[in-house]
Every structure is written in structure tokens, then in C-alpha cells.
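Asker: Construct the complete structure from the given sequences, taking the supplied hints into account.
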Amino acid sequence: MTRLGVFICHCGKNIARTVDTEALREKAATLPHVVLAKDYLYLCSKPGQTMIADDIREHHLDRVLVAACSPRLHGKTFAQTAQRAGLNPYLLDMANIREQCSWVHIDGAEGTEKAFSIIKGGLGRLLYAEPLEPFQSPVTKRVLVIGGGIAGIQAALDIANSGYEVYLVEKLPSLGGHMAQLGETFPTLDCSSCILTPKMVEVSQNEHVHLLSYSEVTGIEGNIGQFQVTVRLRPRYVDETLCTGCGDCVPTCPVVVPNEFDQGLGARKAVYLPFPQAVPAVYTIDWDACLNTDKLIICENCYKNCEAGAINFLMEPQEKMFEVGAVVLATGYELMPVAHIGEYGGDGYEDVIDGLQFERMLSASGPTGGVVRRPSDGRIPQNVVFVQCSGSRDPEHGIPYCSKVCCMYTAKHALLYKHAVPDGQAYVFYIDIRAAGKGHEEFVQKVMSEERILYLRGKVSKIFKSGAKLVVWGADTLSGRQVEIEADLVVLAMAVIPSSGSQKLARTLHIASDLSGFFSEAHPKLRPLESNTDGIFLAGAAQFAKDITDTVSQATGAAGKALSLLANDFIKLEPTISGVEEGLCRGCGLCVSICPFGAVKMLPSTRTGAMVAGINPILCKGCGLCAAGCLSGAITLKGSSFKQIFAQLEEMV
Amino acid sequence: MPPVKRKLFNLDQYQVPRGKVQIISERCKGCSLCLEYCPNKVLAWSTDYNFKGYRYPVLEETEEKYCISCRFCEEVCPDFAIYVTTELTAKPQSTQGK
Numbered sequence: 000m001t002r003l004g005v006f007i008c009h010c011g012k013n014i015a016r017t018v019d020t021e022a023l024r025e026k027a028a029t030l031p032h033v034v035l036a037k038d039y040l041y042l043c044s045k046p047g048q049t050m051i052a053d054d055i056r057e058h059h060l061d062r063v064l065v066a067a068c069s070p071r072l073h074g075k076t077f078a079q080t081a082q083r084a085g086l087n088p089y090l091l092d093m094a095n096i097r098e099q100c101s102w103v104h105i106d107g108a109e110g111t112e113k114a115f116s117i118i119k120g121g122l123g124r125l126l127y128a129e130p131l132e133p134f135q136s137p138v139t140k141r142v143l144v145i146g147g148g149i150a151g152i153q154a155a156l157d158i159a160n161s162g163y164e165v166y167l168v169e170k171l172p173s174l175g176g177h178m179a180q181l182g183e184t185f186p187t188l189d190c191s192s193c194i195l196t197p198k199m200v201e202v203s204q205n206e207h208v209h210l211l212s213y214s215e216v217t218g219i220e221g222n223i224g225q226f227q228v229t230v231r232l233r234p235r236y237v238d239e240t241l242c243t244g245c246g247d248c249v250p251t252c253p254v255v256v257p258n259e260f261d262q263g264l265g266a267r268k269a270v271y272l273p274f275p276q277a278v279p280a281v282y283t284i285d286w287d288a289c290l291n292t293d294k295l296i297i298c299e300n301c302y303k304n305c306e307a308g309a310i311n312f313l314m315e316p317q318e319k320m321f322e323v324g325a326v327v328l329a330t331g332y333e334l335m336p337v338a339h340i341g342e343y344g345g346d347g348y349e350d351v352i353d354g355l356q357f358e359r360m361l362s363a364s365g366p367t368g369g370v371v372r373r374p375s376d377g378r379i380p381q382n383v384v385f386v387q388c389s390g391s392r393d394p395e396h397g398i399p400y401c402s403k404v405c406c407m408y409t410a411k412h413a414l415l416y417k418h419a420v421p422d423g424q425a426y427v428f429y430i431d432i433r434a435a436g437k438g439h440e441e442f443v444q445k446v447m448s449e450e451r452i453l454y455l456r457g458k459v460s461k462i463f464k465s466g467a468k469l470v471v472w473g474a475d476t477l478s479g480r481q482v483e484i485e486a487d488l489v490v491l492a493m494a495v496i497p498s499s500g501s502q503k504l505a506r507t508l509h510i511a512s513d514l515s516g517f518f519s520e521a522h523p524k525l526r527p528l529e530s531n532t533d534g535i536f537l538a539g540a541a542q543f544a545k546d547i548t549d550t551v552s553q554a555t556g557a558a559g560k561a562l563s564l565l566a567n568d569f570i571k572l573e574p575t576i577s578g579v580e581e582g583l584c585r586g587c588g589l590c591v592s593i594c595p596f597g598a599v600k601m602l603p604s605t606r607t608g609a610m611v612a613g614i615n616p617i618l619c620k621g622c623g624l625c626a627a628g629c630l631s632g633a634i635t636l637k638g639s640s641f642k643q644i645f646a647q648l649e650e651m652v
Numbered sequence: 000m001p002p003v004k005r006k007l008f009n010l011d012q013y014q015v016p017r018g019k020v021q022i023i024s025e026r027c028k029g030c031s032l033c034l035e036y037c038p039n040k041v042l043a044w045s046t047d048y049n050f051k052g053y054r055y056p057v058l059e060e061t062e063e064k065y066c067i068s069c070r071f072c073e074e075v076c077p078d079f080a081i082y083v084t085t086e087l088t089a090k091p092q093s094t095q096g097k
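Going down the list, the protein sequences come from chains A and B.
Following numbering that gives the first Met the number 0, the numbering of the first sequence begins with 0 at its first residue and continues without gaps.
Following numbering that gives the first Met the number 0, the numbering of the second sequence begins with 0 at its first residue and continues without gaps.
Hint data in this document are derived by calculation from the structure and do not stem from the laboratory.
Treat the hints loosely; a few may be bogus.
Computed list of chain A residues with no C-beta within reach of chain B, every gap over 12 Å [stated by the list, open to error]:
hint: 1; residue: 22
hint: 2; residue: 102
hint: 3; residue: 129
hint: 4; residue: 130
hint: 5; residue: 132
hint: 6; residue: 215
hint: 7; residue: 533
hint: 8; residue: 568
hint: 9; residue: 610
hint: 10; residue: 641
Heads up, incomplete: computed chain B residues facing chain A, CB under 8 Å, no partners named [said to hold, decoys possible]:
hint: 11; residue: 19
hint: 12; residue: 69
hint: 13; residue: 71
In silico lysine-lysine, DSS-like type, Cα no more than 25 Å apart, as pairs [stated by the list, open to error]:
hint: 14; chain 1: A; residue 1: 468; chain 2: B; residue 2: 4
hint: 15; chain 1: B; residue 1: 64; chain 2: A; residue 2: 303
hint: 16; chain 1: A; residue 1: 524; chain 2: A; residue 2: 75
hint: 17; chain 1: B; residue 1: 6; chain 2: A; residue 2: 468
Just so it is clear, CB atoms sit at the ideal spot from N, CA and C, and this is done for glycine as well.
Answerer: Here is the structure:
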């Protein structure tokens, strides 16, 4: 005889405000098989959990329903409670009367009625629940880090220094990311390369780090503890093991194109090192710019000049496959293109540039050697207008959020400009100043008061060309006047957006991203380092716009998360996956084509030898698609069988 | 407005090879391989004819279109009628590529 227990949580007033928990308890106690019904202020608290555990033992409960919040929040908490009391955790279920009931209803009578219906459904479902045992899966003690900016470098170093192997995959020819492009960092004005390049060298020389630059992750299969990774190594046309980095190939190369590292303000050849401190320090041939094609070798100038014999025009893309236990995603950000904002010229004016372009000008190793110049005529600008929130906090241009770093770097830009051109005038348009970090507000205040920079509170409505100058129309909301400024150079603090390709990667990895395209964290408050797929962790601006300090903290945190996973030889995996009743399977193979994770394969039956569906428990994510699609009802999703679902529905309607 | 093409600040720090195309017009049989394959299209047909009765390539360079000394014409000419001498002093006039 089944002995059911029902526990109803008040969740403080979260539930009790709308749902009459006492009436609910009385009604629930009358339901069939229910031997015990109780309500309590906070079931998730220690006394609440102890009460449930004690009651399970005392009243010999064999199935328990906890009517409280969403199982996403406390499913694990109560499963552990059941386990402590000696009850199989899959015989404890939750009825969500908070998110799906009390929070969305105002009327008490209606809310109570709905809560009762949810409880009835939950009990119906519980009656057909079966005890399940989690199974163990080995953990591969290697980590994949995607992205070789400061986040990826930091995470890779932390993991490698703990003695575990790391694969660090970078899309571009060199490590460094955007931090390598910066001149000086706020608020201390540390030289960015001086603090970054030693880390780049350290990570490339670490014996535990396998650096795969100029490469992309094209496939990830598997589950936490065992991810099968496929990486595509793009051909450099220069043998990494032979290239000495001497640069003899460069002078004779006839092709000059804009250097992406200099944000298109500087030049490079078709055979190039993006910047002198690049790691690995080997040259790359940009096949899109090179005169040679896959079919025709026209120019051999670099080949003839390479004494090391490193150049190979016949190099082909390679695929590398390996297994890792955890993944750290650190794919970073980029700036929204100026072309998206028509009012500011839509990137049609040479002297309207974005923050990263200005950063390259300020960099001592940049295309202007650290001198601020107008891209159009090379003259030193006397009036510079900085526009904050260009695209950010602007739902009309699709970016509702604050990009977080622009207030600080614009203050830094204005300061460095004033130091370089003391008689020049800098104007900053801002909506609000958001300088919430350590030392940030002090920095902005110093810039505002000591540097004679004019801060104007308002937005810029239009930028247009008048002769050699640019005219900036804006509002000064503090004085209530319209402002017109004749500028030599305009620097737009463009919105920070996820790096291109991150959406494709999200699909490859089966992880979620938010409306803006940043990777979603598992919980905004309590699990900010984890994606919603177990074993995949997030670091840096791939999760949301953030400065270097926050990025490094998060990268170290993500590395710690990966390490605590790697510290286990085995991990327990949820048994709520699909199972096949071989006798019912007709071998049609529909499930194989349905499964989005490649977890179903046709295998000969152990009993009859006929081909039947077989589920790989490591790959199965328990989505239930195969069970829903199966024509002969041979597949069951454990923990959500059809019997359970129909019983739940029957009780509710 | 289409995105602007900015001049590159440090262009003058770069050297590109500059070739001098030498054409031995009497050897040419007008097969047009060199014209076809020249990546910078600096060759054009002559207006007169060589003693064999063929038109032959002549150099037609501009500020942006100049011989980059890849020497591919040398390579493809079946009649050894064209060759390139290289100097390495030229500054790039503009950006180029495929």
C-alpha cells in the first residue's frame, strides 16, 4: 500500500500571500493514499528539511510531494533530503505552486484552487514514479578553453598551474584578444601590453598548455566529464615549427592591406605578424589577400626569401580531435559597427572613429606611434568630441543595456588626449556617469576637475561634415540648451556586443544565450560562472560586457569551477534519460534521426540480434524527443514516463 | 552612406617590391598568357606588330597599377619573351589584394 506524504511550503509570504496553505493542507490530507499532509513556513530551511526527513522515517512514507517553488530552484535540495531519510530521491517530486501559481495570481480563492489542482496532478504523477539510480561516468582530466584573450589566458594558466592539461583555442593568429590592442588601462593607467604579454608568453610556454592558434572549435559532443571536441586548424601557409619569426618574408611581399589589429588604421602585408609581441611569434599568410590561390601559385617572393623553408603554399586545413572533461568559454566581445548608426555618419566619415580605433592611436606601438592624428589628413586634432552610449542604452539601435566600460575608457581617452595635446579641447557627451568600480569614481572626478575637459550631459543627435571639420549637434540637458561643436575628430564609445561567431558556437555547444547574444549563465546570482549545460563554464565578456579586472576574476572563478570538477575521478549523472524496451522496438530508426545529440544508434539486440534502438547514456540529455517520436511506444523517458504524464493530466483536468 | 576607406597611417613604413618588365617583342607570338595572368594587370596589347606579325605586350603602369615583381609572366611565357628586374625601394601607393 502506497504511503504518500504532502508538504506545503509558505515560502514566507511568497506562497501564503495568495494561497491558503492551511485549507490546502486539509484538502490534500483527504486525497487517496495520502497518510500525512503538513504545511511549513520555509521547507527549504534546515528545520524544514529535518521535518521532512523525520516524517519520512516516522510515518514510513514511500513517496513524497513537496509543494513549493520550481524544482529548478530547490529540486536538488529536497532530493538530498529524501536521500538522507533513506528514500530514493526520484520518489520525491515537487509541485510548483510558487512560480506557476502564487506569483502569477492575485485572487486567493483562485490561487488556492489552482494550487490544489497542481498538487493533485503532482500526486498522480508521483504514483507512477519509479526509483532510479544515478550512474557514474569517468571524468577526463583535461580542459578546453575557447578564446585566447585575457579571460582565456587567465583560465588556462590557472588550470595548467594546477597540473591539468589545457587546450587553448584561439581564432586569430595570435593570443592577446582586445587587451593587447589597448594602450593604457583605467583607472591606474598601467600599460596594457606590459602586463599582458608576459602572461601570453607564460601560457604558451607552459608544458600543460596545448596552444591551438588560428583554429576554431567546429564540434563538441558528449556530456560533462567527457566532451569530444573537434578543432579545425586553419592553414597558416607557414610551418609553425620552422618559422623563426625573422620577418624576411615581409619586405618582398607585394600586397599591403589594412591591419585588423590596428582596427584598419594601420597597414600590414599579406604575410604578417599582427603585432610585434604576437604569440606564437610565427608569421601567417592571409590567403584572402595573397595573390596565390588554391589553384595557382603566382607569387613566390616570400617563399624565396624564407631561409628556414617554413613557407608552404600547399598547406591544408587540419582537424584535431581530443577529449576533455570541462570547457571554459571565453570568446569575448567586439564593438558594434559604427555603420549601424546612421545619425553619426554610419562609418562614412574618416574622422569619426570608435573607441578601439582611438585606443590603437594612443598605443605607443600603434600605427601613429602613440600620436593622436586625424585619419583624413594626419593633422593633430584641436577639438575632439567623445560620445558615450553610442548604441548602448539605446533600444532603438537594438542595444538596451549599458556597456559598462565606456564611461571609464572615455574618461581615460579624454585624459590621455589632453596629456598629448595640452592646448586641445576635449568634450564628452554622456547620459550618466557609471563609475562603480574600485578607484573608478575618483578617476572620473579627477579627469573632470583637473583636466579642463568639458563634460556635457546629453545625447548627440547628429554628426555631419562641414568642410574639413565635423559638426556635432547635441543637447546639454543641464543648461537646457542645444549645443553645436565644430570637431576635428569624433570618438564614439560604441556598444559592446558579443563577438561574431559566438552564436554559431552556442549552437555547436548546445548552450543558451540571452536576447543580446551573450552566453546565459545558469543562475544570474548564484551560478554566474556556469552555462546552463553542465561542465561548460563562462569567463569574461562572452557572458556580458565587463572590464579587465572583472574578466580576470571571472576567468579565475571559471577555472576553479573546472578544477573542482576535475578533482573527481567519476561524476554522477542524472538517470532521467531515455530507455528502450527492446521487445517493442520495430527498428525503424526514426529516433536516430530525431535525436539532436546523436545519442541514439541502431544496435543488434542482445536477445534476438535484430536491429533495435540503443541509447548512449553519456550523450542523452533527457529531452524526451525520441520518446515522443517513437511510433511503437518503445522509448520511455525515465522520470517522465507517459504513464506519469497522463496520470498528472488526468488529475488536473 | 557606404563605409569609408581610411588611409593607412603607417603605409610609408612599408616597402613593396617594384619590378621593371622587360619585353623582347621579336620573340612574342601573342599568346596572351602574360596579360591573362598578371595579377596587377599592368600589361596591355601593343598597337603595332612585331616582325612575325603579332601584337605583343607593352607596359601600362599607373600610380596604383604597377609591376609588383611577382615574375609570374616570366614563368608562363612559352617563348622567353618577357622578364622582370626587381628593385625594392618603392613605397606602396595604395592598398591592394585579391
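Asker: Hint by hint, say whether it matches the structure.
Answerer: Outcome of the hint check:
1. For residue 22 of chain A, the non-interface assignment is confirmed: its Cβ lies about 67 Å from the closest Cβ of chain B, beyond the 12 Å cut-off.
2. With a cut of 12 Å on Cβ distances, residue 102 of chain A stays outside the contact zone with chain B, its closest approach being about 48 Å.
3. At the 12 Å boundary, the C-beta of residue 129 of chain A stays outside the reach of chain B, the nearest C-beta of that chain being 62 Å off.
4. Residue 130 of chain A, annotated as away from the interface, keeps every beta carbon of chain B farther than 12 Å; the closest lies near 64 Å.
5. Against the 12 Å criterion, residue 132 of chain A stays outside the reach of chain B, whose nearest CB is about 60 Å from its own CB.
6. Even its closest Cβ contact with chain B, about 22 Å, leaves residue 215 of chain A beyond 12 Å, as expected for a residue assigned away from the interface.
7. For residue 533 of chain A, the requirement that its beta carbon stay farther than 12 Å from each beta carbon of chain B is met, with the minimum near 43 Å.
8. For residue 568 of chain A, the shortest C-beta to C-beta distance to chain B comes to about 53 Å, beyond the 12 Å cut-off, and the non-interface label holds.
9. Consistency note on residue 610 of chain A: stated as away from chain B, and its beta-carbon is indeed over 12 Å from all of that chain's, at 51 Å minimum.
10. The beta carbon of residue 641 of chain A is kept farther than 12 Å from every beta carbon of chain B, the shortest such distance being approximately 57 Å.
11. Taken as an interface hint, residue 19 of chain B does not check out: its beta carbon lies about 14 Å from the nearest beta carbon of chain A, beyond 8 Å.
12. A cut of 8 Å between beta carbons decides the hint on residue 69 of chain B: the least distance to chain A is about 4 Å, and the hint holds.
13. Given the 8 Å rule on beta carbons, the hint for residue 71 of chain B holds: about 5 Å separates it from the nearest Cβ of chain A.
14. Proximity of residue 468 of chain A to residue 4 of chain B is assessed by CA-CA distance (about 18 Å); at most 25 Å being required, the pair is judged to hold.
15. Only pairs whose Cα atoms come within 25 Å are accepted, and residue 64 of chain B paired with residue 303 of chain A is accepted, the gap being roughly 24 Å.
16. In summary, the hint linking residue 524 of chain A to residue 75 of chain A is supported, as the alpha carbons are separated by about 17 Å, within the 25 Å threshold.
17. Note on residue 6 of chain B and residue 468 of chain A: the hinted pairing holds, with a Cα-Cα distance of about 17 Å set against a maximum of 25 Å.
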